[in-house]
Amino acid sequence: MSTATESRVRIQKEDFSVTDEIEHMKKVSANIGGIVVFLGTGRESSKGETITKLHFEHYPQMAEKKLEELRQKAIKDFGIIDMSIVHRVGEIDIGENIVLIVACGEHRQEAFKACEWAISELKRTTPIWKRETTSKGDVWVSPTP
Amino acid sequence: MSTATESRVRIQKEDFSVTDEIEHMKKVSANIGGIVVFLGTGRESSKGETITKLHFEHYPQMAEKKLEELRQKAIKDFGIIDMSIVHRVGEIDIGENIVLIVACGEHRQEAFKACEWAISELKRTTPIWKRETTSKGDVWVSPTP
Amino acid sequence: MIKVKYFASLKTMAGKEEDRFDLGRETTVLKLSEAIGKTSPAIGEMVREKKVMVSVNQDVVLPDAVIHDGDEVALLPPFSGGAI
Amino acid sequence: MIKVKYFASLKTMAGKEEDRFDLGRETTVLKLSEAIGKTSPAIGEMVREKKVMVSVNQDVVLPDAVIHDGDEVALLPPFSGGAI
Numbered sequence: 771m772s773t774a775t776e777s778r779v780r781i782q783k784e785d786f787s788v789t790d791e792i793e794h795m796k797k798v799s800a801n802i803g804g805i806v807v808f809l810g811t812g813r814e815s816s817k818g819e820t821i822t823k824l825h826f827e828h829y830p831q832m833a834e835k836k837l838e839e840l841r842q843k844a845i846k847d848f849g850i851i852d853m854s855i856v857h858r859v860g861e862i863d864i865g866e867n868i869v870l871i872v873a874c875g876e877h878r879q880e881a882f883k884a885c886e887w888a889i890s891e892l893k894r895t896t897p898i899w900k901r902e903t904t905s906k907g908d909v910w911v912s913p914t915p
Numbered sequence: 771m772s773t774a775t776e777s778r779v780r781i782q783k784e785d786f787s788v789t790d791e792i793e794h795m796k797k798v799s800a801n802i803g804g805i806v807v808f809l810g811t812g813r814e815s816s817k818g819e820t821i822t823k824l825h826f827e828h829y830p831q832m833a834e835k836k837l838e839e840l841r842q843k844a845i846k847d848f849g850i851i852d853m854s855i856v857h858r859v860g861e862i863d864i865g866e867n868i869v870l871i872v873a874c875g876e877h878r879q880e881a882f883k884a885c886e887w888a889i890s891e892l893k894r895t896t897p898i899w900k901r902e903t904t905s906k907g908d909v910w911v912s913p914t915p
Numbered sequence: 051m052i053k054v055k056y057f058a059s060l061k062t063m064a065g066k067e068e069d070r071f072d073l074g075r076e077t078t079v080l081k082l083s084e085a086i087g088k089t090s091p092a093i094g095e096m097v098r099e100k101k102v103m104v105s106v107n108q109d110v111v112l113p114d115a116v117i118h119d120g121d122e123v124a125l126l127p128p129f130s131g132g133a134i
Numbered sequence: 051m052i053k054v055k056y057f058a059s060l061k062t063m064a065g066k067e068e069d070r071f072d073l074g075r076e077t078t079v080l081k082l083s084e085a086i087g088k089t090s091p092a093i094g095e096m097v098r099e100k101k102v103m104v105s106v107n108q109d110v111v112l113p114d115a116v117i118h119d120g121d122e123v124a125l126l127p128p129f130s131g132g133a134i
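Respectively, the protein sequence lines represent chains A, B, C and D.
Residues in the first sequence are numbered from 771 upward in steps of one, following this note's numbering.
Residues in the second sequence are numbered from 771 upward in steps of one, following this note's numbering.
Residues in the third sequence are numbered from 51 upward in steps of one, following this note's numbering.
Residues in the fourth sequence are numbered from 51 upward in steps of one, following this note's numbering.
Simulated from the structure, these hints should not be mistaken for laboratory data.
The structure presented is a predicted model; accordingly, all values stated were derived computationally and were not measured.
Be a bit skeptical, because a hint or two may be false.
[Claimed, not checked] In silico BS3-like cross-links for lysine-lysine, where the CA-CA straight-line distance does not exceed 30 Å: (1) D:101 with B:783; (2) C:61 with A:817; (3) C:53 with A:783; (4) A:817 with B:797; (5) C:53 with A:906; (6) A:783 with C:55; (7) B:797 with A:783; (8) A:823 with C:61; (9) A:817 with B:823; (10) B:823 with A:906; (11) C:101 with A:843; (12) B:817 with D:61; (13) B:906 with D:81; (14) C:61 with A:783; (15) A:796 with B:883; (16) B:906 with D:61; (17) B:906 with D:53; (18) B:796 with A:823; (19) B:823 with A:783; (20) A:906 with B:796; (21) A:906 with C:100; (22) B:906 with D:101; (23) A:835 with C:66; (24) A:823 with B:835; (25) C:66 with A:823; (26) A:823 with C:101; (27) B:823 with A:797; (28) C:88 with A:823; (29) B:797 with A:883; (30) A:797 with B:835; (31) C:101 with A:906; (32) C:66 with A:783; (33) D:55 with B:835; (34) B:843 with B:883.
Build the full structure now, drawing on both the sequences and the hints.
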């Protein structure tokens, strides 16, 4: 069901397989010992409203460029072996995968730090926007920390 | 290839599928928004020695009991929705999966904290031992922080 | 010509995905916001009040940045990717 | 009878997975360590020097814990699970 391609950062409509993404990263080095993964999924409620659907839009090219910058900074600043990032766009149902960050380190400490930094930096710097569909209609969402 | 059973903590010889474990956890609640996963894998080298094989042994029943205590404490102390833990025992090759912790939260912050705490607590409290096979023979490993 | 791209809520407000403006060889974000304001006053104002970020050729710029003929400008509402 | 289980390096040292000792209705970790020491002096010493943890019925206990007839005792070298 997935298409873990050669590219370490991707924005795509299709779902991804967490297992495939991890197995792909494992091939990078035999010294990976700790892999920390963040998987963001579609929640059913937000600020008391029931959400029925999500829609993500991105600024093509700029979004990919920001993700690649983010990946390279994570590798350099935290000393991890590698990182991959996949973000979906288009319509996404509740419970479905939205975003995946895989941080691979020799040890776990740096992988945890890099992964947590990366998701918060992604939200801050990557031109992607979320629209929520609730019973009250469609709303473009303001950022959350 | 995996057998994601009903049990949230397991010690088993067989490999597991990260995707299956996550999908199993997603069914717990439609309010899961952030999932943080730690996956420990077999590294090729340790203190300069090349490792050819790993072997894990556990104290049956006590190890499972400790993992379940750990899971319940993580849920209570960090306010996450749920956690699952799988640890493999027996022979494990380089690059293979060893241990998986899946922490599911409404938000990512508590899931990161709970997952990082859980792996370090597992190492401290769960009766599991690692033996490394190198060119110099077999060595039972002393704990690492 | 300068190409201006609208995203998310701004696309809805503008009623279109992009616009083109001829403002000579060199202009500023402020002057561009006034040109946009002629058809979409609310958007022009949001740019001047820094409620949206502005990128030029896919790099976020400061409000006093210079824009050249042929540049791609985008108006970027606050980002909200990354799930929760 | 008290059942004593050896794990990891201790299993290698003892040359067996478990042992049984008859020490009456009630005994202590110290007395048990002396009984073990008769056939495996090094292990008895490790217990007394607290180089291994001791569990009784699968709960880690302090060195002055009382052990009852029928209990399952385990000698636990420092744990090293959890990959890295």
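Status of the hints after comparison with the structure:
1. D:101 with B:783: Holds, because 29 Å separates the two Cα atoms, which is no more than 30 Å.
2. C:61 with A:817: Roughly 25 Å separates the two Cα atoms, so the pair holds.
3. C:53 with A:783: holds (26 Å)
4. A:817 with B:797: holds (22 Å)
5. C:53 with A:906: At roughly 34 Å apart (the allowed maximum being 30 Å), residue 906 of chain A and residue 53 of chain C break the hint.
6. A:783 with C:55: Given pair residue 783 of chain A, residue 55 of chain C holds - Cα atoms ~21 Å apart, limit 30 Å.
7. B:797 with A:783: OK: residue 797 of chain B and residue 783 of chain A at ~23 Å, within 30 Å.
8. A:823 with C:61: Roughly 20 Å separates the two Cα atoms, so the pair holds.
9. A:817 with B:823: Distance of about 50 Å is beyond 30 Å: violated.
10. B:823 with A:906: violated (58 Å)
11. C:101 with A:843: Within the cut-off at roughly 28 Å; holds.
12. B:817 with D:61: Measuring from Cα to Cα gives roughly 25 Å; hence the hint holds.
13. B:906 with D:81: violated (37 Å)
14. C:61 with A:783: holds (20 Å)
15. A:796 with B:883: holds (24 Å)
16. B:906 with D:61: Status holds; Cα separation ~20 Å.
17. B:906 with D:53: violated (34 Å)
18. B:796 with A:823: holds (17 Å)
19. B:823 with A:783: violated (40 Å)
20. A:906 with B:796: holds (26 Å)
21. A:906 with C:100: Status holds; Cα separation ~28 Å.
22. B:906 with D:101: Given pair residue 906 of chain B, residue 101 of chain D holds - Cα atoms ~25 Å apart, limit 30 Å.
23. A:835 with C:66: Satisfied, since the Cα-Cα distance of roughly 24 Å is no more than 30 Å.
24. A:823 with B:835: Given that 30 Å is the threshold and the Cα spacing comes to 40 Å, the pair is violated.
25. C:66 with A:823: holds (23 Å)
26. A:823 with C:101: holds (26 Å)
27. B:823 with A:797: It holds: about 17 Å lies between the C-alpha atoms, which stays within 30 Å.
28. C:88 with A:823: Measuring from Cα to Cα gives roughly 35 Å; hence the hint is violated.
29. B:797 with A:883: holds (28 Å)
30. A:797 with B:835: Status violated; Cα separation ~34 Å.
31. C:101 with A:906: holds (25 Å)
32. C:66 with A:783: OK: residue 66 of chain C and residue 783 of chain A at ~22 Å, within 30 Å.
33. D:55 with B:835: holds (17 Å)
34. B:843 with B:883: holds (12 Å)
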